[in-house]
Amino acid sequence: MGQRPCDVEAFDALFEAHRAPVHAYLRGRTNHSDQALDLVQETFMRVWRSLDTVRSIPRDEQRYYILVIARRVLNDVRRIERRRGSVQSPMSDPALEVAKVEPLGSLVETATVIDEAISKLPEDMRTALSMSVLGGMESAEIGKVLGRPASTVRYLIYEARRRIAEEVKA
Amino acid sequence: MSEAPNIDRLLAEWSTAASMTPLQASAVRQAVLRSKPEELSYEWWRKLFSGSQATMLEMRPIVHRAKWTWPDAGFGRVVGEA
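These protein sequences, in sequence, are chains V and A.
Residue 1 is where the first sequence starts when you use the numbering used here, and the numbers rise one by one after that.
Residue 1001 is where the second sequence starts when you use the numbering used here, and the numbers rise one by one after that.
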């Protein structure tokens, strides 16, 4: 596909407007930061390839369209993983061990504790929380993506926070 | 009795650590605009980091991707020496 300057500009605008929600969705679904980044890339790769279609969609609907693409990307990957029967965890790569001991202070310590608590949440609860906290999305928006009423999303987020508080206190 | 944790603060800190960093976002964007993963040369990834103030934590997912693309390139070793 040849790159026209106006295409790149349009893509940049879409990427900037929607990368955080897409990342938050995939982070919640996968519970894995590296895999989420890979899937964000694959999602926007598909957006780039169907840029004209995405641009033809009303602006306020574009986010949902892109999140549907993200869901399809995730489903495709899960289907492949199921077929293979196992998933290689990038965390087990010894060449990356050095990254785990990088001293970044108490921020990482706190994040690790919270990360562990979040990873124990059921997938829908974790995704709703991630989309709210990382993606900055409202309950109604999240509900539209997850196919749940806003009130259910609010409950999921409330319950996620309660469980994290319990976990941290323990 | 233990003090109730400040969940808003904890989640804000988690969000800071878990969000996509500007470097990661830039890498994802550039990779997409290249569109063909096979065109992302080892040299391209190396240049991306040269002169950057990226931490290992930021580089990790990108290193991971590079290692999958060029398993024999010794990318992890090069970054480790940077």
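Warning: the hint list may mix true and false statements.
Stated by the list, open to error - Distance windows between CB atoms, simulated:
| no. | chain 1 | residue 1 | chain 2 | residue 2 | range |
| --- | --- | --- | --- | --- | --- |
| 1 | A | 1012 | V | 56 | 30 to 40 Å |
| 2 | V | 136 | A | 1026 | 13 to 23 Å |
| 3 | A | 1026 | V | 5 | 17 to 27 Å |
| 4 | V | 152 | A | 1012 | 21 to 31 Å |
| 5 | V | 52 | A | 1006 | 22 to 32 Å |
| 6 | A | 1009 | V | 82 | 34 to 44 Å |
| 7 | A | 1009 | V | 10 | 14 to 24 Å |
| 8 | V | 80 | A | 1016 | 12 to 22 Å |
As the list claims (entries may be wrong) - Within a straight-line C-alpha distance of at most 25 Å, the following computed SDA-like cross-link-like pairs (lysine to any residue) qualify:
| no. | chain 1 | residue 1 | chain 2 | residue 2 |
| --- | --- | --- | --- | --- |
| 9 | V | 120 | A | 1006 |
| 10 | V | 144 | V | 83 |
| 11 | V | 169 | V | 122 |
| 12 | V | 169 | A | 1012 |
| 13 | V | 144 | V | 8 |
| 14 | V | 144 | A | 1015 |
| 15 | V | 120 | A | 1034 |
| 16 | V | 169 | A | 1021 |
| 17 | V | 169 | A | 1013 |
| 18 | V | 120 | A | 1023 |
| 19 | V | 120 | V | 81 |
| 20 | V | 169 | A | 1016 |
| 21 | V | 169 | V | 117 |
Just so you know, these hints were derived from the structure itself, not from any lab.
Virtual Cβ for every residue (Gly too), placed ideally from N, Cα, C.
**Asked** Hints broken by the structure, by number, lowest first?
**Response** When the structure is compared with the hints, numbers 5, 7, 8, 10, 13, 15, 16 and 18 turn out to be violated.
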